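Chemist: Protein chains in written order, with my numbering: chain D, 1 to 113; chain R, 1 to 114.
Calculated from the structure, these hints are not laboratory results. Since this is a predicted model, take the numbers as computed values, not measurements. You may find that some hints are simply not true.
[Claimed, not checked] Distance ranges between label pairs, derived from CB positions:
#1 D:Glu71 with R:Gly16: 44 to 54 Å
#2 D:Ala1 with R:His10: 32 to 42 Å
#3 R:Ser73 with D:Gln42: 16 to 26 Å
#4 R:Leu11 with D:Leu46: 40 to 50 Å
#5 D:Pro40 with R:Ser73: 21 to 31 Å
#6 R:Ser27 with D:Gln45: 17 to 27 Å
#7 D:Gly97 with R:Asn77: 47 to 57 Å
#8 R:Ile12 with D:Ala54: 21 to 31 Å
#9 R:Gly84 with D:Ala1: 42 to 52 Å
#10 D:Gly62 with R:Thr14: 27 to 37 Å
[Said to hold, decoys possible] Below, a list of computed lysine-lysine pairs in the DSBU-like style, where the Cα atoms sit at most 35 Å apart:
#11 R:Lys13 with R:Lys30
#12 R:Lys52 with R:Lys30
#13 D:Lys58 with D:Lys69
#14 R:Lys30 with D:Lys68
#15 R:Lys13 with D:Lys58
#16 D:Lys69 with R:Lys13
#17 R:Lys13 with R:Lys52
#18 D:Lys68 with D:Lys58
[Said to hold, decoys possible] Quick look at which bits of chain R chain D covers, simulated, 3 or more residues with Cβ under 8 Å:
#19 42 to 49
#20 61 to 70
#21 98 to 107
Quick reminder that beta carbons are idealized off the backbone N, C-alpha and C, glycines included.
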Amino acid sequence: AQSVTQLGSHVSVSEGALVLLRCNYSSSVPPYLFWYVQYPNQGLQLLLKYTSAATLVKGINGFEAEFKKSETSFHLTKPSAHMSDAAEYFCAVSDTGRRALTFGSGTRLQVQP
Amino acid sequence: DAGVTQSPTHLIKTRGQHVTLRCSPISGHKSVSWYQQVLGQGPQFIFQYYEKEERGRGNFPDRFSARQFPNYSSELNVNALLLGDSALYLCASRPELALNTEAFFGQGTRLTVV
Chain D
1 AQSVTQLGSH VSVSEGALVL LRCNYSSSVP PYLFWYVQYP NQGLQLLLKY
51 TSAATLVKGI NGFEAEFKKS ETSFHLTKPS AHMSDAAEYF CAVSDTGRRA
101 LTFGSGTRLQ VQP
Chain R
1 DAGVTQSPTH LIKTRGQHVT LRCSPISGHK SVSWYQQVLG QGPQFIFQYY
51 EKEERGRGNF PDRFSARQFP NYSSELNVNA LLLGDSALYL CASRPELALN
101 TEAFFGQGTR LTVV
């Protein structure tokens, strides 16, 4: 079975600071990996995805993530945080057996002025 | 273009009752999935349907069922509601079954069981 672990349920950064949200995955087969963002009382919006092409993936709103097979990681970064980045972020892996997404428990990002 | 639409947006039910949640996928999308998101947790997979057939099921009791209609819209049914069924229920659609394609999510139905 595939799984993801998100380290840190809450992350707080200052506006303009680097954002780093951590995600480690477990998979017996090459995974497809995703980062989603959820704003309060909203559904999920895709930020970026890794599907075995380039290991450095660029997404929307200035976010990017690097797939590191040796570390089984897919951490999300953004060079400079903006107040509008405050939200819940979820890492997910495709579950080939059930054809579903398996989500991590999420990281709530706070951006301080 | 309309995204994934879910109805109703909010719902309050009593323990033991039955509930039906509805989802309309993006036009042209044939795959619909359902997820349950309990407060403070990540979404958990319930079902996936493609071309009106069930293609995947998560670890949920038989009280949960779903179906997909010829126009690709879908219903999620939950019988004998428990307090623990209180959650945000999310519907997602994809053009096809391919796992490397983006799943587009609706805004969800917030179900409260009292």
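Chemist: Against each hint, give a clear statement of whether it holds in the structure.
Modeler: Taking the hints in turn, this is what the structure says about them:
1. Distance hint check for Glu71 of chain D and Gly16 of chain R: the Cβ-Cβ separation is about 48 Å, which falls inside the suggested range of 44 to 54 Å.
2. For Ala1 of chain D and His10 of chain R, the Cβ-Cβ distance of about 33 Å falls inside the hinted range of 32 to 42 Å, so the restraint holds.
3. Separation of Ser73 of chain R from Gln42 of chain D is about 21 Å and conforms to the stated range, judged on CB atoms against 16 to 26 Å.
4. The hinted range of 40 to 50 Å is not satisfied by Leu11 of chain R and Leu46 of chain D, whose Cβ atoms lie roughly 26 Å apart.
5. Distance hint check: the CB atoms of Pro40 of chain D and Ser73 of chain R are about 27 Å apart, consistent with the given range 21 to 31 Å.
6. Distance hint check for Ser27 of chain R and Gln45 of chain D: the Cβ-Cβ separation is about 19 Å, which falls inside the suggested range of 17 to 27 Å.
7. Distance hint for Gly97 of chain D and Asn77 of chain R: a CB-CB separation of about 24 Å, inconsistent with the stated range 47 to 57 Å.
8. At about 47 Å, the CB distance of Ile12 of chain R to Ala54 of chain D disagrees with the hint of 21 to 31 Å.
9. At roughly 23 Å, the beta carbons of Gly84 of chain R and Ala1 of chain D sit outside the given window of 42 to 52 Å.
10. The beta-carbon spacing between Gly62 of chain D and Thr14 of chain R, approximately 46 Å, falls outside the hinted interval of 27 to 37 Å.
11. Pair hint Lys13 of chain R plus Lys30 of chain R holds up; C-alpha atoms about 30 Å apart against a cutoff of 35 Å.
12. For the given pair, Lys52 of chain R sits about 9 Å from Lys30 of chain R by alpha-carbon distance, which is consistent with the 35 Å threshold.
13. For the suggested pair Lys58 of chain D and Lys69 of chain D, the alpha carbons sit about 18 Å apart, so the restraint of at most 35 Å is met.
14. With a C-alpha separation of about 33 Å, the suggested pairing of Lys30 of chain R with Lys68 of chain D holds against the 35 Å cut-off.
15. For the suggested pair Lys13 of chain R and Lys58 of chain D, the alpha carbons sit about 43 Å apart, so the restraint of at most 35 Å is broken.
16. Between Lys69 of chain D and Lys13 of chain R the alpha-carbon distance is near 46 Å, which puts this suggested pair outside the 35 Å criterion.
17. Between Lys13 of chain R and Lys52 of chain R the CA atoms are separated by roughly 28 Å; this keeps the pair inside 35 Å, and the hint holds.
18. Between Lys68 of chain D and Lys58 of chain D, the direct Cα distance comes to roughly 15 Å. Compliance with the 35 Å bound is thereby established for this hinted pair.
19. Interface restraint, the stretch 42 to 49 of chain R with chain D: holds (5 residues with C-beta to C-beta distance below 8 Å; minimum three).
20. Counting residues of the stretch 61 to 70 of chain R whose beta carbon lies closer than 8 Å to any beta carbon of chain D gives 0, which falls short of the minimum of three for the stated coverage.
21. Under the rule that three or more residues need a Cβ within less than 8 Å of chain D, the assignment of the stretch 98 to 107 of chain R holds, with 8 such residues.
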